[in-house]
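Engineer: Residue strings, one per chain:
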Amino acid sequence: MTAGTVFDIGYQRYTGPREGRARARLAVFKDGVRTALGLGRGARAKVLPWGFIGILVSVGLIMAMIAGAASRIVGAANVEQLNLPSHSDLYGITSIILFVFAAVVAPELLCRDRREGVIHLYLVRPLTGSDYIVARWAAFMVVMVAATWLPQFGLLVGLAMGAPAPVDYLREHWLDIPKFLAAGVAMAAYTTTLALLTASFTTRRAYASVFLVGLFVITTPFTTGLASEIGGTAGQWISMFNLTNIPVHVNDLIFGEVSEITEHAPAGAFSGAVLVSWYLAWTLVPGAVLWWRYRRLAP
Amino acid sequence: MMPTGEALLAAHHLTKHYQDVVALDDVGFTISEGITGILGENGAGKSTAIKIFLGLVQPTSGSAMVLGLNASERVEVRARLGYMPEHDCLPSHVSAAEFLTHMAEVSGLPPSTARTRAADTLRHTGLFEERYRAMGGYSTGMKQRVKLGQALVHDPAIVFLDEPTAGLDPVGREEMLALVRKTHREFGISVLFSSHLMADVERTCDRIIVLRGGRLVQSGEVGHFTKETETVFIEVDTNRDGLVAALERRGVAVTADGAGLTIEGPDESVYDHVRDALVEAQAPLRRMAPRRRALTELFQRDGEGAAP
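Chains A and B are the protein sequences, given in the same order.
The working numbering puts the first residue of the first sequence at 1, with every later residue one more than the last.
The working numbering puts the first residue of the second sequence at 300, with every later residue one more than the last.
Honestly, the hints are just simulated from the structure, not real lab data.
Treat the numbers as computed from the prediction; the structure is a model and nothing was measured.
Incorrect hints may appear among the rest.
No more than 20 Å apart at the CA atoms, straight line, and that leaves these computed lysine to any residue pairs for SDA-like [claimed, not checked]: (1) Lys46(A) <-> Pro390(B); (2) Lys179(A) <-> Val142(A); (3) Lys442(B) <-> Arg432(B); (4) Lys442(B) <-> Arg115(A); (5) Lys442(B) <-> Asp387(B); (6) Lys46(A) <-> Arg432(B); (7) Lys481(B) <-> Lys179(A); (8) Lys481(B) <-> Ile9(A); (9) Lys442(B) <-> Ile119(A); (10) Lys442(B) <-> Glu116(A); (11) Lys46(A) <-> Pro164(A); (12) Lys442(B) <-> Ala465(B); (13) Lys30(A) <-> His392(B); (14) Lys30(A) <-> Ile9(A); (15) Lys30(A) <-> Gly10(A); (16) Lys442(B) <-> Pro409(B); (17) Lys179(A) <-> Val258(A); (18) Lys30(A) <-> Val134(A); (19) Lys30(A) <-> Ser411(B); (20) Lys481(B) <-> Val521(B); (21) Lys179(A) <-> Arg114(A); (22) Lys442(B) <-> Arg112(A); (23) Lys46(A) <-> Ala433(B); (24) Lys481(B) <-> Tyr11(A); (25) Lys481(B) <-> Tyr14(A); (26) Lys481(B) <-> Asp499(B); (27) Lys481(B) <-> Gly10(A); (28) Lys442(B) <-> His120(A); (29) Lys481(B) <-> His392(B); (30) Lys442(B) <-> Arg114(A); (31) Lys30(A) <-> Pro410(B); (32) Lys179(A) <-> Asp168(A); (33) Lys46(A) <-> His392(B); (34) Lys30(A) <-> Lys481(B).
Using the sequences plus the hints, can you model the full thing?
Structural biologist: Okay, here's the thing in structure tokens:
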């Protein structure tokens, strides 16, 4: 072993490049992704996000295994008649898991920064409140998109591998890919925006999570029961307030078929334009409120 | 780096109203390289002035220029500014090394450079050994060092320190003041040091700006203020009254100070008058020494004078 000497060359001025707002936005975005997934943190920080992602992927794989088993039992030619759940149904089936995932994980991106005062350090750097919230929104959006797409890819691979001729299966069903990609983005944008908006009103992650889970869990049976009780157009509009169904209606429009979770929803009788407008209202208005809350934020 | 002598910060007729409350009232000053103390009680307008310079608050009228630019119009200028807030601002679950690296990137530095600068800055602020520990377990002194480190990690032209000694014990306070002095004298970074503790400012700063009720009441070199407050203290064994009379006959104003006498703002000729007066009064001299009042006493007297 050789002896070494550490020389203290004193403080060095920085004369290299300064990449300004673009680098600042990217840094906040990267930190948001790492925070959401618990990367670079202890095991406890990873349990929730990766647990949810594991459950979501499992749902896709289980659906693929059921389809594979059914194909072997009844034969590949007859499996279509069983009308087994597929890509168009997956978001409906997993929607409540996705909402709970967003409710539990998204507040971590905003609440902690405000509770611990880190937001004050962000806002005195080459970064505006708008830059910060857009970067945080984009970070969680990426995580949510991954969480929605992964089970679909798992299901696709499972179905293809279970088919007698995987290449033929992919050739026949390739159109499902852009459909589930687009529907996944719609689902992710809606959940990301609502979850972050709720998180922007409190510094406590637990409050935001409980409120969001309660909102999604309570509105579903409440609106479903009330809509069927009242019936008619009023019942249809009440059904529109079933928050878990709002992005699933868009999913149905993209796939051109009604998924299992929305087939009995009175709101499904509205035209596609009304359903899309309703979805956009529930995504863009909360998004605008979220942006407005952070736009003029100052320590 | 700004050319030597050029103003880093300049306030011209700076006014800020919060509805009916006047936070700053037609304030004007410039700050060049060095350590400048901004003094004032709570509500004097210190924080408002800093927020305007950082571009976080718009002035009602007047202008605040930072490195020749308006920070509220040019967010990019904040890449050359550092800010150490008084309140807590550190994430408890992250290590100091990771946090400073992230803050350097948010200030616009490329990731590889950010890592190097974070390690260097933590070494210079005395936190190198503990840099991989989560900051939730840090003492108040260590947290203050990280707060200073995050303000310096991107090598700003000027750093705003808001009450950097708040909550520190006497040893921690001395170390922090030494770090503040080192920030300018060794690192070459100018400092705007906001405090309500005049003793800290007097011992650390080259210049001071004093705000009271949103108005500028004093500004100038610290040395100028302390020179103004020089006194000579004299103590004699007997015949103090005779000495007072002899000094007053020579036009020297004296005030009783306990067992001795104090002469305010003496010039060189005073010592000759004291010698002659001592001989005339035949008062045996026990002690004679020049003294300086602290800035605290000066501004206390100003405050008393200004009071209705």
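Engineer: State for each hint whether it applies.
Structural biologist: To see whether the hints hold, each was checked on the structure:
1. Lys46(A) <-> Pro390(B): 18 Å, holds
2. Lys179(A) <-> Val142(A): 18 Å, holds
3. Lys442(B) <-> Arg432(B): OK: Lys442(B) and Arg432(B) at ~12 Å, within 20 Å.
4. Lys442(B) <-> Arg115(A): Roughly 16 Å separates the two Cα atoms, so the pair holds.
5. Lys442(B) <-> Asp387(B): 9 Å, holds
6. Lys46(A) <-> Arg432(B): 19 Å, holds
7. Lys481(B) <-> Lys179(A): Violated, at roughly 61 Å.
8. Lys481(B) <-> Ile9(A): 15 Å, holds
9. Lys442(B) <-> Ile119(A): Since the Cα atoms of Lys442(B) and Ile119(A) sit roughly 17 Å apart, the hinted pair holds (cutoff 20 Å).
10. Lys442(B) <-> Glu116(A): Status holds; Cα separation ~13 Å.
11. Lys46(A) <-> Pro164(A): 38 Å, violated
12. Lys442(B) <-> Ala465(B): 11 Å, holds
13. Lys30(A) <-> His392(B): Distance of about 17 Å is within 20 Å: holds.
14. Lys30(A) <-> Ile9(A): Judged against 20 Å, a Cα distance of about 32 Å means the pair is violated.
15. Lys30(A) <-> Gly10(A): 31 Å, violated
16. Lys442(B) <-> Pro409(B): 25 Å, violated
17. Lys179(A) <-> Val258(A): 14 Å, holds
18. Lys30(A) <-> Val134(A): 12 Å, holds
19. Lys30(A) <-> Ser411(B): Roughly 15 Å between the alpha carbons, so the hint for Lys30(A) and Ser411(B) holds.
20. Lys481(B) <-> Val521(B): 18 Å, holds
21. Lys179(A) <-> Arg114(A): 38 Å, violated
22. Lys442(B) <-> Arg112(A): Roughly 17 Å separates the two Cα atoms, so the pair holds.
23. Lys46(A) <-> Ala433(B): 17 Å, holds
24. Lys481(B) <-> Tyr11(A): With Cα atoms ~10 Å apart, Lys481(B) and Tyr11(A) stay inside 20 Å; holds.
25. Lys481(B) <-> Tyr14(A): 17 Å, holds
26. Lys481(B) <-> Asp499(B): 15 Å, holds
27. Lys481(B) <-> Gly10(A): The hint holds at about 11 Å.
28. Lys442(B) <-> His120(A): 16 Å, holds
29. Lys481(B) <-> His392(B): Outside the cut-off at roughly 29 Å; violated.
30. Lys442(B) <-> Arg114(A): 18 Å, holds
31. Lys30(A) <-> Pro410(B): Within the cut-off at roughly 11 Å; holds.
32. Lys179(A) <-> Asp168(A): 19 Å, holds
33. Lys46(A) <-> His392(B): 13 Å, holds
34. Lys30(A) <-> Lys481(B): 33 Å, violated
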